[in-house]
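Add chain R to chain L, keeping to what the hints say.
Protein chains: 2
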Amino acid sequence: MNFLEEKIKAEGQVFEGNVMKIDNFLNHQVDVRIIRKIAEDIKNHFENVKVTKILTIESSGIPIATILAELYSVPMVFAKKSQTVNSTDDQYISRAYSFTHKTTNNVYVSRPYINSSDKVLIVDDFLADGEATRALIDIVHQAGAEVAGIGIAVEKGMHHTGERLRADGYRLHSVAVIQSMDPTTQTITFR
Amino acid sequence: MNFLEEKIKAEGQVFEGNVMKIDNFLNHQVDVRIIRKIAEDIKNHFENVKVTKILTIESSGIPIATILAELYSVPMVFAKKSQTVNSTDDQYISRAYSFTHKTTNNVYVSRPYINSSDKVLIVDDFLADGEATRALIDIVHQAGAEVAGIGIAVEKGMHHTGERLRADGYRLHSVAVIQSMDPTTQTITFR
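In order, the protein sequence lines correspond to chains L and R.
So in this note's numbering, spot 188 of the first sequence is number 285, and the numbers just go up one at a time.
So in this note's numbering, spot 9 of the second sequence is number 106, and the numbers just go up one at a time.
The following block holds chain L by itself, in its conformation from the complex (with noise of 0.2 Å):
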């Protein structure tokens, strides 16, 4: 086991739906030390990948997208989930369902912060049914930019989506992947 498997291992609570709570250091409480190691660990996958560009969502993937832009130097853009009133530029706009809200949500990036020329590693803390992935996917793609790599701390193996974005031609790179997990027992198995 990985570093963030044993964390998940040791911290991480099982419900009922395929419901994993680590939110005493993923994407509530923060652990920095944590997310400096995910973000390194998706830096050293990525070797020999030009990136010039962080993509996320907010709010559970900017501190892993912080850290990650600082390592390569290059502007981190987190996509809203709302409009803003000083949302006076011309926006890229993408729809997902949210797992966690249980609603279908647009998903904006104003247009000049993602440009024809990028190459963009997209970042988030779960990969779950992937809605959130696919949205920043389209919106690379209709920037017409090129999706350099997708980097995530936790898949959510059972839902299938890394298989479907690497049949799709996506270089993905979970730092953990779960297998399963059973809020009987608490049992979390890791692939």
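Since the hints were made in silico from the structure, they are not lab data.
There could be a bad hint or two in this list.
Identical copies look the same in the list; a pair holds intra-copy or inter-copy alike.
[Unchecked claim] Here are the computed lysine-lysine pairs in the DSBU-like style, where the Cα-Cα straight-line distance is at most 35 Å:
(1) Lys118 to Lys104
(2) Lys147 to Lys134
(3) Lys106 to Lys118
(4) Lys104 to Lys216
(5) Lys147 to Lys216
(6) Lys134 to Lys118
(7) Lys140 to Lys106
Note that the structure is predicted; figures quoted are calculated from it, not measured.
Leaving out everything else, chain R in the frame of chain L:
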């Protein structure tokens, strides 16, 4: 002018209604070099102040909070604006009006992540009407914890929120304080 005031003067766009757009480096596309300098400036200001936790609110404060958490070697917590299916813990709840979204929202922090022994440094990208900051202060007080300080990247001085927070006894540091801005001439002056 310091580094942030120079950056704002060079790249900020001013719109009617005291709206300033610096989302090319602060709150949509993020220049992590600037974010690190903001975090270092805040930490330098609060020298000799004990901090056990960094608290911000999703989403734009998260990059600064991430770097600050690493500088202090303490956990970061970001308050949430909605509940998710895995919000199973009891929560502190406060309310804040959002100037950018024109709605009043609940603000949530799971109780395990702030406790009565915490010295909390509250961090955000903008201070305008102070609604989000007041909600975070309220949550720290609900937890019986102490507000060690409030660190802000850009304070809009015309709202006079900073004066009120200082009058209430809070240690507040804003890296840049905007005195006035003029959409006609695109002039931004700093305090």
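Evaluation of the provided hints:
{"no.": "1", "hint": "Lys118 to Lys104", "in the structure": "within (12 Å within a copy, 40 Å between copies)"}
{"no.": "2", "hint": "Lys147 to Lys134", "in the structure": "both (20 Å within a copy, 26 Å between copies)"}
{"no.": "3", "hint": "Lys106 to Lys118", "in the structure": "within (11 Å within a copy, 43 Å between copies)"}
{"no.": "4", "hint": "Lys104 to Lys216", "in the structure": "both (31 Å within a copy, 26 Å between copies)"}
{"no.": "5", "hint": "Lys147 to Lys216", "in the structure": "within (7 Å within a copy, 42 Å between copies)"}
{"no.": "6", "hint": "Lys134 to Lys118", "in the structure": "both (20 Å within a copy, 33 Å between copies)"}
{"no.": "7", "hint": "Lys140 to Lys106", "in the structure": "both (24 Å within a copy, 34 Å between copies)"}
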